[in-house]
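Undergrad: As a plain string of letters, each chain reads:
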Amino acid sequence: MNKVLMSGNNIIGEAAIRAGCRFYAGYPITPQNELTEYMAEHMRNAEDGVFIQSESEIAAINMVAGASAAGARVMTSSSSPGISLKQEGISSMAACELPGIIVNIMRGGPGLGNIRPSQGDYFQATRGGGHGDYRTIVFAPATCQELADLTMDAFDLADKYRTPVMILADGMMGQMMEPVIFKKPKKRIYSDDFILKGAGNGKSKFIRGLLLDVIDEEEHNWKLARKYSVITKNEIRREEHQIEDAQLVIVAYGTAARIAKGAIKRLRENGMKVGLFRPITLWPFPELQLRALAANVKNFLVFEMSTGQMLDDVRLSLQGYAHIDFHGRPGGAVPTPAELANVVARLYEKVD
Amino acid sequence: MAKKVFGRPKSLKDKIFHYCPGCGHSIAHRLIAEVIDELDIRGITIGVPPAGCAVLAYNYLDVDMIEAPHGRGPAMASGIKRTLPDRIVFSYQGDGDLAAIGIAESFHAANRGENISVIFINNAVYGMTGGQMAPTTILNQKTTTSPAGRHKILDGYPVKVSEFFSQLEGVTYIERCMVNSPTNINKTRKAIKKSFQCQMDGMGFSLVEILSPCPTNWKMNPIDSCKWIDEVMSKTFPPGVFKDNTASVKKAAEGAS
Amino acid sequence: MIIKTIFSGFGGQGVLMMGISLAHSAMNKGYHVTYLPAYGAEMRGGIANCTVAVADEEIASPVASEPDYLIAMNAPSLFTFQNKITSGGTIFLNSSIVKDRPNRPDVKVCTVPCVDIAQDLGNPRVANIIMMGVFIKKSGIVPDDIYLKSLETIMGSKKKGVAEINRKAFAAGFDYLKD
Ligand SMILES: Cc1ncc(C[n+]2csc(CCOP(=O)(O)OP(=O)(O)O)c2C)c(N)n1
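Chains as they are written, first to last, in our numbering: chain A, 1 to 352; chain B, 353 to 609; chain C, 610 to 788.
Just so you know, these hints were derived from the structure itself, not from any lab.
Any given hint could turn out to be false.
Computed Cβ-Cβ distance ranges for the label pairs, DEER-style [as the list claims (entries may be wrong)]:
id : chain 1 : residue 1 : chain 2 : residue 2 : range
1  : A       : D213      : B       : H460      : 33 to 39 Å
2  : B       : R439      : A       : L288      : 57 to 63 Å
3  : A       : N2        : C       : R710      : 42 to 48 Å
Source: prediction; values computed, not measured.
Built from N, CA and C at the ideal position, the CB exists for glycine as well.
Required output: the full structure, derived from the provided sequences and hints.
TA: Written out as structure tokens, the structure is:
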């Protein structure tokens, strides 16, 4: 297979098209414009490919929902402020059990914020984001190769569980170029039963999110909850890096995890036994896997490019079995491995 | 004694514009500042800049300003004006901001006849995000998201905001101008002044559309950009007054009192 | 080994292309690489820059807090980045338009009048390729033949004369340093 040098934004677009994505709608916003532009250029060369530059992110998510109901593999992308606008539509897709991929190339917030890389949308992504009792699967890639692989996998999981899947990366991942090899996509498995094509001479179907009968809605909620627990059981992914002998483990995802790896290299060169636990699915969060580590490791440092959001999940996972510190750089600041190494070294002194 | 004929308007801060060379935003900013000086309303004016190249307008215009989320300027301006009816409130919007993501807010502010002024910069592209297709991109115009040129079947037609908004009964005054020559710049200043005056006289919603060069994203030099407005863009968007009810509204008001 | 390089200059000087060509050739040599451009609206009219990391192991951060090399195609680039260079690192300076010199006694300086050389070749637009010739020779990150192949891939072999001009420009830079 050919190795190519591409930017993260373009990689997501290429992986999506290879995975059979044939409908994309989006609205310009930095730092993900290259993805929208990639789809504008390449969807017209893909058989039956549709690209629409929508009038807003609200429109984009609803276009995507419609195309999904009509049976297409679909994707939309944006960055933080635009993802806020999509929430109503994501909630609706979850309710109607429509598969689809939502890419968030995060930037500094809140509000218009700035266009630098950030991880401030963790809560929004992992807690559902929109209204109602639902979850979205959230992938957090840390390399361009992972962007390619997880984008393809996201389509498969979206179909398998009939649910929206979010790819949560940041401006640095979107802009950065790395060599990448596109794997062979799997064949799509998705039943016609869920697709609206017009009833023809047969029985008509409908897809709905409004369930006025209380008992119906309650049952629908429990049905979704059961689905989410299956996902939690089957789909958790994480990476463990140099934790065998670790006295202290950094918990970080995405760009922050890359920086952590750089810091760990420096720390180990100075004899400090530090490892990394990297959630790849942020929801479902690798709770039990992290807790298992606490049998041997008593000190954790959560490192995020935010004021501390995944920190909540780490606390819930470790349940008091280990000591947790936090280091954060919100607002678009990207710390260096050296900075993080200094922070860890100071904590490490206190580790006994 | 020599008479000063040219100087920095009082309502324009002593700052260098960050806009690209040849960009029409800086001209429009200056015109607004001149009008605010002329009408002597600096102290009672509140501006609402958009998400777009003009997001930093508060760095230049020396009046109170609050930045709106993308497209929501007219809603925010409505809120401000209803709370403070004696202030002069304007929103400043690009074509993506007004005619795409914020068309609903703009349409309904106009339809309610909100007593605000909208300064609408039509540069036929999304400037800030790097030259993507805008609702006002003209047919066959190449942008980064219409790489083969805007196609009427795939992308629809350029939105003619002035024509379309002038159909709304809530609207009092709409004019389309250009800032590609000294004569046109003077016309634009007059239109902005009329719009603000319309608001000061309590006559309701007005909008000034300004055809404005964007050399960076049009990939032209500034001079060719000005020519392109004359020779191409203004064929789709002809300048002129599309609605002017100021005289009749005034009469009705006089009759009532 | 890990080597980080910052390429910086005015928009239009082709600095991003310089970074991509290095990243591409290092990839073809079998190295791990990252390429990170400075991005965003605020960059317009200002300086354009990018960072390339080349390593024989996984690269943690694509950001360079202490780059080994700086290629400064204009004066603002020199002022912005000279204090970041690691001690013992090298600054490649476009001396055709930069009259200032670095204030760091602990870094090496390699001045290249690349615009003048380009003018002599009859094509002022290839100043960046000439600089790459000097850089590739001095840094030794990738062999020149691999670099030239990447350059051709990136620039596309559509226009015939282009590859030829680029090869000439590269050679002019490569031979500029007689050591
Ligand atoms: C919800 C949301 N989506 C997208 C953006 C990104 N964005 C900022 S400005 C802009 C459009 C700029 O174009 P236009 O309104 O025509 O103004 P110009 O920059 O050309 O003056 C966009 C899409 C945003 N800030 N918020």
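Undergrad: All hints, please: hold or fail.
TA: Outcome of the hint check:
no., hint, in the structure
1, D213/A x H460/B: 33 to 39 Å, "holds, 34 Å"
2, R439/B x L288/A: 57 to 63 Å, "holds, 59 Å"
3, N2/A x R710/C: 42 to 48 Å, "holds, 44 Å"
Consistency note: the structure conflicts with none of the earlier hints.
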